[in-house]
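*Asks:* Using the working numbering, you'd call the opening residue of the sequence shown number 2 and step up by one each time.
Think of the hints as simulated: they come from the structure by calculation, not from any bench.
Treat the hints loosely; a few may be bogus.
[Claimed, not checked] Using 25 angstroms as the maximum straight-line C-alpha spacing, the simulated BS3-like pairs for lysine-lysine come out as follows:
#1 37 with 3
#2 68 with 37
#3 79 with 45
#4 75 with 45
#5 3 with 75
#6 39 with 59
#7 59 with 45
#8 68 with 39
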Amino acid sequence: MKVRPLGDRVLVEPVEEEQKVGDIYIPDAAKEKPIKGKVLAVGKKYDKDHKELPFDVKVGDAVLLPKYGGTEVKIEGKKLQLIREEDLLGVIEK
Numbered sequence: 002m003k004v005r006p007l008g009d010r011v012l013v014e015p016v017e018e019e020q021k022v023g024d025i026y027i028p029d030a031a032k033e034k035p036i037k038g039k040v041l042a043v044g045k046k047y048d049k050d051h052k053e054l055p056f057d058v059k060v061g062d063a064v065l066l067p068k069y070g071g072t073e074v075k076i077e078g079k080k081l082q083l084i085r086e087e088d089l090l091g092v093i094e095k
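Can you build the whole structure from these sequences, using the hints too?
*Replies:* Written as structure tokens, this is what we have:
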């Protein structure tokens, strides 16, 4: 299924890092929300004259997400985040 976010929203797949302390794995309930993600889709944003504006992120970018915010959606069994581009904290450059 293809999803195109509306407006200035970005569809992000949170990337969970495995958490392990010594030989002990941290249970899901004790983990903090992931703060990294991968951009899967971007919407379209316009200025006041209805001219399309470019996004600062593109599909495939690794981004930093706020700890809380956005809307969690489940698409094809995957938990994804719909979040406004302005709420993203940064792009992880390699």
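*Asks:* If a hint holds in the structure, say so; if it doesn't, say that too.
*Replies:* Structure-based check of each hint:
Our distance criterion of 25 angstroms between C-alpha atoms is met by residue 37 and residue 3, whose separation comes to about 22 angstroms. Simply put, residue 68 and residue 37 have alpha-carbon atoms about 10 angstroms apart, close enough for the 25 angstroms limit, and the pair holds. About 23 angstroms separates the Cα atoms of residue 79 and residue 45, which keeps this hinted pair within 25 angstroms; it holds. For the suggested pair residue 75 and residue 45, the alpha carbons sit about 22 angstroms apart, so the restraint of at most 25 angstroms is met.
Distance restraint check for residue 3 and residue 75: the Cα-Cα separation of roughly 13 angstroms lies within the 25 angstroms cut-off, and the hinted pair is therefore satisfied. Distance hint between residue 39 and residue 59 is fulfilled; the C-alpha atoms sit about 10 angstroms from each other, no more than 25 angstroms. Between residue 59 and residue 45 the CA atoms are separated by roughly 12 angstroms; this keeps the pair inside 25 angstroms, and the hint holds. With a CA separation close to 15 angstroms, the supplied pair residue 68 and residue 39 stays within the 25 angstroms bound.
Hint check: no violations occur; every hint is consistent with the structure.
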